[in-house]
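Letter by letter, the chains look like this.
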Amino acid sequence: MDELTSTFVTESRDMLAEMEAGLLRLEQAPDDGDNLNGIFRAAHTIKGGSGVIECHFIENFTHQVENLLDLLRNGRIPVTGELATLLLSCCDQLGALLDTLASGQAEPLAEVLSRGDELTAALRRCVPPDEATEEGGVPAERPPEVRSCGGGVVSTDGWHISVRFGENVLRGGMDPLSFLRYLGTLGEILSLETISDAIPPAEQMDPESCYLGFEIRLQTRASKAEIEHVFEFVRDDCSLRILPPRSKVQDYIQLINELPEDTMRLGEMLLRCGALTPAELDAGLAAQQPPALPAAEGEFDDAQALPAPPIGEVLVEQQVVHREVVEAAASRQAAVSEKKAIESRMVRVQADKLDQLIDLVGELVIAGASANLLAQKSGQVELVESTSVLSRLVENIRDAALQLRMVQIGETFNRFNRVVRDASRELGKDIALVVTGAETELDKSVVEKLGDPLMHLVRNAIDHGIEPAAVRLARGKSKKGRVGLNAYHDSGSIVIEVSDDGSGLSRERIRHKAIEKGLIDESMPLGDDELINLIFEAGFSTAEKVTNISGRGVGMDVVRRNIQALRGTITVSTRDGEGSTFTIRLPLTLAIIDGFLTSVDKSSYVIPLDSVVECIELGAERLDRNYLNLRGEVLPFVNLRELFEIDGEPPSRRSVVVVQYAGSKVGIVIDKLHGEFQTVIKPLGALFRHLRGIGGSTILGSGDVALILDVPALVDIASRRERSVCLTTSAVR
Amino acid sequence: MSKTVFLVDDSATILLSISGILTKAGFAVEKAASAEEALKKFGASVRADLLITDLNMPGMNGIELIREVRKLPAYKFMPILFLTTESQQSRKMEAKAAGASGWIVKPATADELLNTIKLVIK
Numbered sequence: 001m002d003e004l005t006s007t008f009v010t011e012s013r014d015m016l017a018e019m020e021a022g023l024l025r026l027e028q029a030p031d032d033g034d035n036l037n038g039i040f041r042a043a044h045t046i047k048g049g050s051g052v053i054e055c056h057f058i059e060n061f062t063h064q065v066e067n068l069l070d071l072l073r074n075g076r077i078p079v080t081g082e083l084a085t086l087l088l089s090c091c092d093q094l095g096a097l098l099d100t101l102a103s104g105q106a107e108p109l110a111e112v113l114s115r116g117d118e119l120t121a122a123l124r125r126c127v128p129p130d131e132a133t134e135e136g137g138v139p140a141e142r143p144p145e146v147r148s149c150g151g152g153v154v155s156t157d158g159w160h161i162s163v164r165f166g167e168n169v170l171r172g173g174m175d176p177l178s179f180l181r182y183l184g185t186l187g188e189i190l191s192l193e194t195i196s197d198a199i200p201p202a203e204q205m206d207p208e209s210c211y212l213g214f215e216i217r218l219q220t221r222a223s224k225a226e227i228e229h230v231f232e233f234v235r236d237d238c239s240l241r242i243l244p245p246r247s248k249v250q251d252y253i254q255l256i257n258e259l260p261e262d263t264m265r266l267g268e269m270l271l272r273c274g275a276l277t278p279a280e281l282d283a284g285l286a287a288q289q290p291p292a293l294p295a296a297e298g299e300f301d302d303a304q305a306l307p308a309p310p311i312g313e314v315l316v317e318q319q320v321v322h323r324e325v326v327e328a329a330a331s332r333q334a335a336v337s338e339k340k341a342i343e344s345r346m347v348r349v350q351a352d353k354l355d356q357l358i359d360l361v362g363e364l365v366i367a368g369a370s371a372n373l374l375a376q377k378s379g380q381v382e383l384v385e386s387t388s389v390l391s392r393l394v395e396n397i398r399d400a401a402l403q404l405r406m407v408q409i410g411e412t413f414n415r416f417n418r419v420v421r422d423a424s425r426e427l428g429k430d431i432a433l434v435v436t437g438a439e440t441e442l443d444k445s446v447v448e449k450l451g452d453p454l455m456h457l458v459r460n461a462i463d464h465g466i467e468p469a470a471v472r473l474a475r476g477k478s479k480k481g482r483v484g485l486n487a488y489h490d491s492g493s494i495v496i497e498v499s500d501d502g503s504g505l506s507r508e509r510i511r512h513k514a515i516e517k518g519l520i521d522e523s524m525p526l527g528d529d530e531l532i533n534l535i536f537e538a539g540f541s542t543a544e545k546v547t548n549i550s551g552r553g554v555g556m557d558v559v560r561r562n563i564q565a566l567r568g569t570i571t572v573s574t575r576d577g578e579g580s581t582f583t584i585r586l587p588l589t590l591a592i593i594d595g596f597l598t599s600v601d602k603s604s605y606v607i608p609l610d611s612v613v614e615c616i617e618l619g620a621e622r623l624d625r626n627y628l629n630l631r632g633e634v635l636p637f638v639n640l641r642e643l644f645e646i647d648g649e650p651p652s653r654r655s656v657v658v659v660q661y662a663g664s665k666v667g668i669v670i671d672k673l674h675g676e677f678q679t680v681i682k683p684l685g686a687l688f689r690h691l692r693g694i695g696g697s698t699i700l701g702s703g704d705v706a707l708i709l710d711v712p713a714l715v716d717i718a719s720r721r722e723r724s725v726c727l728t729t730s731a732v733r
Numbered sequence: 001m002s003k004t005v006f007l008v009d010d011s012a013t014i015l016l017s018i019s020g021i022l023t024k025a026g027f028a029v030e031k032a033a034s035a036e037e038a039l040k041k042f043g044a045s046v047r048a049d050l051l052i053t054d055l056n057m058p059g060m061n062g063i064e065l066i067r068e069v070r071k072l073p074a075y076k077f078m079p080i081l082f083l084t085t086e087s088q089q090s091r092k093m094e095a096k097a098a099g100a101s102g103w104i105v106k107p108a109t110a111d112e113l114l115n116t117i118k119l120v121i122k
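As given, the protein sequences belong to chains D and X, one line each in that order. FYI, in the UniProt record's numbering the residues of the first sequence are 1 to 733. FYI, in the UniProt record's numbering the residues of the second sequence are 1 to 122.
It is possible that part of the hints are untrue.
Capping the alpha-carbon separation at 30 Å, the derived lysine-lysine pairs in DSSO-like fashion look like this [unchecked claim]: (1) X:K118 / D:K444; (2) D:K429 / D:K353; (3) D:K353 / X:K106; (4) X:K71 / X:K106; (5) X:K118 / D:K224.
Simulated DEER-style distance windows between Cβ atoms [unchecked claim]: (6) X:G43 / D:E54: 32 to 40 Å; (7) X:K24 / D:A102: 23 to 31 Å; (8) D:A438 / X:K41: 24 to 32 Å; (9) D:S223 / X:K41: 38 to 46 Å.
Hint data in this document are derived by calculation from the structure and do not stem from the laboratory. Every residue, glycine too, gets a C-beta built ideally from N, C-alpha and C.
Full structure from sequences and hints, please.
If you want it as structure tokens, here you go:
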């Protein structure tokens, strides 16, 4: 795909999203003109772009959509729910067409084409018959105007052009000379006379005004329309008369009479530029008959050569009347929300480039730290001072660079408008989506991976959460259900809430189900939270019937796994009959973590701080079994020295870092604790990617490499080991 | 020295295609995706021999941009072309009144585009 096409595809996807958002707003506010204009503009931009890249299947389809939108925009057809649905399907179709283009196929698949035909037919049906005829029709052409006649034919050939520029030509950015230059490209300028009669006395002259006129003789094979086209941009601001070759003397005389300059002087001019011979001029002026205007048609063939003014201009003239309307519309448009202007100030950057920048900034942080260290060692006060300034700047750069990857979550949230609309229609429920905190920012890579879990939660809320209208009314709630999406920052992490005001989770049913599925024992005492969070266990679904909207009971555990993969957590709180709220807590970025630095022998290891529960000291206890007694609790552990096969004698005093993951605690035995520090995660090279227990690496200020431990993997290793040891020992016995 | 054309359009596709044609024809091209951005650049270091702007843009529209640019002393006499479609005849008048020199009807072929530009600058 060439660059132009890929730009078009990206841009059109954005436009499509805008269109869709606009269409969804349309139902709530059918009279919002700005919104309609925005939708129209989006479609218009797609059409314009598809014309440029000559992708006709998109252009043709968008053209149909645009027609309908134009009628809507002008209030000629009313906004209805069906129409919005139809237009939304058109958006989907456009998306499919864009996919076709992006995948490099020349033609859309047959099924896409046939859907397109159906939609086109549906679009046509929405256009009232009287509009349909008007749409394609061309305004009636005015009969050609016949200017003058009589007298003999002038002997010289070549066109004669009289032009008097209006005063504002210069102010409009036009240089009169540029017209002459351009005329020269059409043919040969035989002669040219400059008319400077209009120049006022010096003290009255405005140097910014143009007072010039020209009499030009032009030899060209161009048509009159082409010559007129040269002056098209100044047509309203100048007086232009064009006489075709072999015009009659009378035409020239009429020209002389019409022009403001003195007749005799002008006659001389025409003589001088060779338009007329002296005899012709004399004869003509002698006749001095007032020009007959307009003359009877058909008197001479040249009349046909004078074309009617372009249709465009007729239109303009007709519409000049409406200028106030146009201006009012323009100023309204100016008030279009600030946000759009902000969007157009955006710069698109490839994510790779950003990643590279962040990587470099990471290096910079490391290099800065080591420079700092050396400066400290050298003991030179000035050096220490300057490096500390430097490292402060580096920190600022790091923050700014990370900020670059931050995107607002609003875009992700807005996708759900459509989901809620479609799903609620399908289920026959009336549901509103309330979005708050859309401007909250988080890392782009997190946002991307958040879409699916959020989709699941929202669909669950619609399907299982919100009750049917009858039930809602019986429970004394409003008929319209509410699904809320909220996001906010909370001490270094971002919190996203998906809430509904539906029936809430029934503890009884969860307990019942969990027992049925064998997840818990009947006698098992469970706290409230523990009970509710059972819904995140694999194979748990309380819905009595499986629908299209929510899944088949594979949902919640997948959601939790997705969130945990982002180093986040998910919890749920619910009140029976009043609704439930799912709270997702995520780190702001994946590139930098708060780590806990530890070491075994000479190697350093970083444990993500958010998984650390506590640190305890390990005495000289025997470590023949892989578990410890932590205040009466069984704590399985991994000995890093053993796991990573580090040689040498362990020191007599060691520490255990207790980490927690997905509800289970595990101890990690290390030699020494060094404390907290913020670190930039560098992914492992391809060679080391399969290593279990190591999630990445980082470089310390001293230049040493530290490995970042993969806590979930370590927890897994520890519990597996303990289990297998358990099995073998019991088998031996 | 090559002439600089300043191009303003909210559509990245149009920006890319027109700037491609112009660059090939030997013009230097400056781009802005919105009227606001264009004005900022005009206020700063950018020099242009010709401004080509779209009329229908979110935020400040092309007509306002033309009006504002004309207020800048350095650009009082700079040629300004606007991009328009057949259906926007009424806006031509408005844009002309705001100080535009002429227009280019979209979609334009490379020849149409270059001919029109030739008409307004050397």
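If you draw a straight line from the CA of K118 (chain X) to the CA of K444 (chain D), is it 30 Å or shorter?
Not satisfied, since the Cα-Cα distance of roughly 45 Å exceeds 30 Å.
Whether the CB-CB distance between K24 (chain X) and A102 (chain D) falls inside 23 to 31 Å:
Holds: the Cβ-Cβ distance is about 26 Å, inside 23 to 31 Å.
Taking 30 Å as the top limit, are the C-alpha atoms of K118 (chain X) and K224 (chain D) close enough?
holds (20 Å)
Is it true that the CA of K429 (chain D) sits at most 30 Å from the CA of K353 (chain D)?
The hint is violated at about 45 Å.
The hint says 32 to 40 Å between G43 (chain X) and E54 (chain D); measuring C-beta to C-beta, is that right?
Since the Cβ atoms of G43 (chain X) and E54 (chain D) sit about 37 Å apart, the hinted range of 32 to 40 Å holds.
Hint check for K41 (chain X) and S223 (chain D) - Cβ pair distance inside 38 to 46 Å:
Roughly 41 Å apart at Cβ, these two residues keep to the hinted range, so it holds.
Within 24 to 32 Å: is that where the Cβ-Cβ distance between A438 (chain D) and K41 (chain X) falls?
holds (30 Å)
Keeping to a limit of 30 Å between CA atoms, is the pair of K353 (chain D) and K106 (chain X) held or broken?
violated (34 Å)
Quickly compare the C-alpha distance for K71 (chain X) and K106 (chain X) to 30 Å and report which way the hint goes.
Answer holds: K71 (chain X) to K106 (chain X) is near 27 Å, not above 30 Å.
The structure fails to meet hints 1, 2 and 3 from the earlier list, while all remaining hints are met.
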